[in-house]
Amino acid sequence: MAREDSVVTPERYAQGFNYPDYMDQIKVNKARFEGFYDGLTLSAEDVSFFKELSQRPNGPAKMMVIGEDWCGDVVRGLPVLARVQKLRAFRLAFSPGQPYGHHERIPK
Numbered sequence: 082m083a084r085e086d087s088v089v090t091p092e093r094y095a096q097g098f099n100y101p102d103y104m105d106q107i108k109v110n111k112a113r114f115e116g117f118y119d120g121l122t123l124s125a126e127d128v129s130f131f132k133e134l135s136q137r138p139n140g141p142a143k144m145m146v147i148g149e150d151w152c153g154d155v156v157r158g159l160p161v162l163a164r165v166q167k168l169r170a171f172r173l174a175f176s177p178g179q180p181y182g183h184h185e186r187i188p189k
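For the sequence shown, the numbering used here assigns the number 82 to the initial residue and increments by one for each residue that follows.
Check before you lean on any hint, since a few could be wrong.
[Claimed, not checked] Straight-line C-alpha distance at most 20 Å; calculated PhoX-like pairs for lysine-lysine:
1. Lys167 to Lys143
2. Lys167 to Lys132
3. Lys143 to Lys132
Note that these hints are calculated values from the structure, not bench results.
From just these sequences and the hints, can you work out the full model?
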């Protein structure tokens, strides 16, 4: 498969947070994030899948997760990815999505 240019530069990836640091800097829904994380357990099948995925020849080596703490989908999804990160299947960096403010349009 041909690799397309990524909008995630090595510099931007390096600025991403690990999950504990991301949790330290969020301002909205922190208790909900923690509740979803604490209530989540990956099944043996999930663990096996993610470990196998990381060992594929073109499998992911790292992933950047971009999302805002006010977004319900992020509140539910990010704890899942944080649990996957604990498997050390691949590296994850978490990054706020919009440096321009809540619901503002990003200039072109």
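Pair hint Lys143 and Lys132, alpha-carbon separation not exceeding 20 Å: Holds, because 13 Å separates the two Cα atoms, which is no more than 20 Å.
Restraint check for Lys167 with Lys143, where alpha carbons must lie at most 20 Å apart: 13 Å, holds
20 Å limit on alpha-carbon distance, applied to hinted pair Lys167 and Lys132: 11 Å, holds
Checked against the numbered hints listed earlier, the structure breaks none of them; every hint is satisfied.
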